[in-house]
Amino acid sequence: MTILRPRFVFDLPVEAEVLTPENLCGVNAERAGRHTVAYGRRTRLLGELFEIDVERGEGLVLEGDFSRVKKIGRAMKEGLLVVRGDGGMHLGSAMSGGTIRVEGNVDAWAGAMMSGGTLEVAGSAGPYLAGAYPGETKGMTGGVILVHGDAAVRAGERMRRGLVVIGGRAGDFAAVNILAGTVVVFGLLGARAGAGSKRGTVVALGGMETEPLPTYQAGCLYRPLFLLPLLRFLADRGFPVTEAHRLGPYRRWTGDVTSLGKGEILTYEEPQ
Amino acid sequence: MRLHGVEIEETYAEAFKMWGTRLLITAESPRWARIAAEAASGFAISVIGCGCEAGIEEMLPPERTPDGRPGTAVLLFAPSRKDLEAQLVLRVGQGVMTCATTACFCGLEGEEAVSVGGKLRYFGDGYQGSKVLGGRRYWRIPVMDGEFLVEDRFAIQRSVGGGNFLVLAETAASALASVEAAVAAMEPVGGAILPFPGGIVRSGSKVGSRYKFLSASTNSAYCPSLRSLVATELPETVNAVYEIVIDGLDEEAVRKAMKVGIEAAARPGVVRISAGNYGGSLGQYRFHLQEIVAGEGKEGEGP
Chain A
1 MTILRPRFVF DLPVEAEVLT PENLCGVNAE RAGRHTVAYG RRTRLLGELF EIDVERGEGL
61 VLEGDFSRVK KIGRAMKEGL LVVRGDGGMH LGSAMSGGTI RVEGNVDAWA GAMMSGGTLE
121 VAGSAGPYLA GAYPGETKGM TGGVILVHGD AAVRAGERMR RGLVVIGGRA GDFAAVNILA
181 GTVVVFGLLG ARAGAGSKRG TVVALGGMET EPLPTYQAGC LYRPLFLLPL LRFLADRGFP
241 VTEAHRLGPY RRWTGDVTSL GKGEILTYEE PQ
Chain B
1 MRLHGVEIEE TYAEAFKMWG TRLLITAESP RWARIAAEAA SGFAISVIGC GCEAGIEEML
61 PPERTPDGRP GTAVLLFAPS RKDLEAQLVL RVGQGVMTCA TTACFCGLEG EEAVSVGGKL
121 RYFGDGYQGS KVLGGRRYWR IPVMDGEFLV EDRFAIQRSV GGGNFLVLAE TAASALASVE
181 AAVAAMEPVG GAILPFPGGI VRSGSKVGSR YKFLSASTNS AYCPSLRSLV ATELPETVNA
241 VYEIVIDGLD EEAVRKAMKV GIEAAARPGV VRISAGNYGG SLGQYRFHLQ EIVAGEGKEG
301 EGP
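Keeping their order, the protein sequence lines are chains A and B. Residue numbering for the first sequence follows my numbering, beginning at 1 and increasing consecutively. Residue numbering for the second sequence follows my numbering, beginning at 1 and increasing consecutively.
Keep in mind that a hint or two might mislead.
Facing chain A, from chain B, some residues (calculated, C-beta under 8 Å) [said to hold, decoys possible]:
id, residue
1, Lys131
2, Ala177
3, Glu180
Here are some chain B residues the structure puts well away from chain A; computed CB gaps all over 12 Å [claimed, not checked]:
id, residue
4, Gly126
5, Glu147
6, Pro235
Calculated directly from the structure, the hints in this document are not laboratory data. Think of the CB as a built atom: it goes at the ideal place given N, C-alpha and C, for glycine as much as any other residue.
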C-alpha cells in the first residue's frame with residue numbers, strides 16, 4: 001500500500017493524473033516521488049508536494065485534503081485507490097477499470113468519460129458527474145458510479161452505458177441527452193431530467209422537483225422487474241433501499257420525443 | 001453385497017456426457033415460480049424423444065434469488081451445446097416468458113455460455129431494452145403485465161446424464177414403495193434431478209428394436225411379463241421393476257444421489273438393486289453400485 005499525504009496546504013491547483021495505483025503501487029517511495037505533477041503553472045516532483053510512505057496492504061491511499069488536486073485516478077485501469085478526504089476535479093475521469101473509493105466529496109467532472117470500473121463516493125459530487133467533455137458525443141460508456149450524497153447539475157450527461165447512482169438529490173438536467181445507461185436517484189430529481197434522451201433510464205425514487213418535460217409521455221403504473229436485482233445490488237452497497245421501493249409501483253414516462261423517444265423516467269409513486 | 005438384506009448387484013450404471021445448465025425462475029409467489037418451472041421442464045423426460053432432460057432442482061426462498069422474489073431452480077440437460085441452447089430458448093420463451101410475473105436468471109457461473117435472452121429479446125419487436133448489472137446483461141421484454149426480465153447468456157457446463165439404478169421387487173406395490181422412498185431421499189441432493197415422471201421410470205428401454213424405424217424399445221430382459229419369452233435378468237421371485245434415472249451437473253452429484261437413493265430403496269420386498277448399462281461401450285461414465293454404497297466412488301471412472 002502506498003500512502004500519500006500533502007506536505008502543505010495547496011494554494012494553487014495540482015494536476016496529478018499520475019495518482020493511480022498503476023503508477024505508484026509496487027514501487028518504493030523514492031521512485032514514486034520522482035513522478036512529476038503540475039502545481040499551478042510549474043512542474044514539481046510528486047515527492048516535493050506529498051509525503052510518500054509504502055506500507056503493507058493493497059492499493060493507493062490518499063490521506064488529507066486533496067480537494068485542490070485534479071485528475072486523481074484519471075485513466076486508471078486497475079487496482080484500488082482510496083481517498084480519505086475530499087477529491088478534486090476530474091477524479092476518475094476516463095477510468096476503465098479498478099475501484100476508486102472517496103470518503104469525502106468530489107468536485108466537478110468526477111467519472112467523466114468513464115468506461116469501466118467502480119467509483120464510489122461517500123459524500124457528494126459536483127457538476128457533470130459521469131459527464132461528457134465539451135465536444136464529445138458520448139460521456140460515460142461503462143462502469144458504475146455510486147454517490148451516497150447529492151450530485152450537482154448535469155449528472156450523467158450524454159452517457160452511453162453504465163450505472164450512476166445518487167443517494168441524495170440530483171441537480172437539474174440529470175441524464176440530459178443520454179444515449180443509454182441508467183441513472184438512479186434516491187433523493188429529489190432536479191428539473192428537466194432526461195431532456196433529449198434517446199434511450200436510457202432515469203429512476204426517481206425520491207420524487208421529482210417538477211413534472212417531466214412535456215416531451216415525455218406518461219405510460220403505465222407498474223413494477224419494472226429489472227429494478228429488483230438492481231435495488232438488491234444497491235442495498236448491499238449501503239443505499240437506503242426500502243421494501244416500498246421494491247414493491248413500487250412506478251410511473252413510466254417515455255421520451256424524449258424530440259430525440260429517439262425510447263428513453264424512460266421511472267418515478268416511484270406511493271401506493272394508493 | 002447386501003444392504004438391509006437386499007442384494008446389491010456387482011454391476012454399474014453407464015452414464016453419458018451431457019451439457020447442463022441451471023435456470024433460476026422467479027415470480028411474485030412460490031406458486032407462480034413453480035408453475036413456470038413445471039412448464040419449462042415439462043415433457044423433458046428423455047433426450048430420446050424430448051430433445052432434453054429437465055427437472056426442478058429445488059424451490060428457492062427470496063433471499064437466494066437474484067431479484068429477492070420466490071423462485072425455483074431448474075436443471076436442464078442436452079447432448080450438445082447447440083441442442084441445449086435451442087431447448088433453452090424454446091422452454092424459457094414458451095414456458096417462462098408466457099407465465100405471469102416471472103423473470104429468468106442463469107444459476108451457474110462459467111465461461112462457456114449460450115445465448116438465451118439475446119435471442120428471446122426480438123419478441124420485444126424493437127421495444128426491448130437491456131441493462132448490465134455486475135457484468136451480466138439482462139433483457140427487458142415488454143409483455144402485457146409489465147416486463148419479462150431474462151438474462152442474456154446462460155452459463156453451461158459439462159454434465160452427466162443417465163446415472164441410474166433398477167429396483168427389482170417381489171410385487172409391484174413393494175417396488176413402488178421402494179422407489180418412492182428413494183425419490184424422497186434423492187430430491188434434496190443439489191445439482192441433480194430425476195427427469196422422469198415422479199422421478200421413476202416404468203418403461204425402461206434397451207438400445208434398438210426389431211423395427212428399423214425405432215432406435216429404442218422396451219427393456220425386455222427386465223419385463224416380468226416376458227420372463228418366459230426372452231433371456232431374462234429377473235430372479236424367480238421378482239414380479240416388478242422400476243428404474244430411477246439421474247442427471248447431474250457433475251459426477252459427484254450423480255454419485256451422491258445414487259447413494260442416498262439406493263440406501264432408501266433397499267427395504268423389505270426388494271430382491272435386488274441393479275443398474276442399466278450397455279457393456280460399457282456407449283457411455284463415458286461408470287457408476288459401480290457396490291462402490292457407491294460402500295462410499296468408495298472411483299474418481300477415475302469418467303473420461
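Verification of the hints:
no., hint, in the structure
1, Lys131, "holds, 5 Å"
2, Ala177, "violated, 43 Å"
3, Glu180, "violated, 38 Å"
4, Gly126, "violated, 9 Å"
5, Glu147, "violated, 5 Å"
6, Pro235, "holds, 56 Å"
Of the numbered hints given earlier, the model fails hints 2, 3, 4, 5; all others are met.
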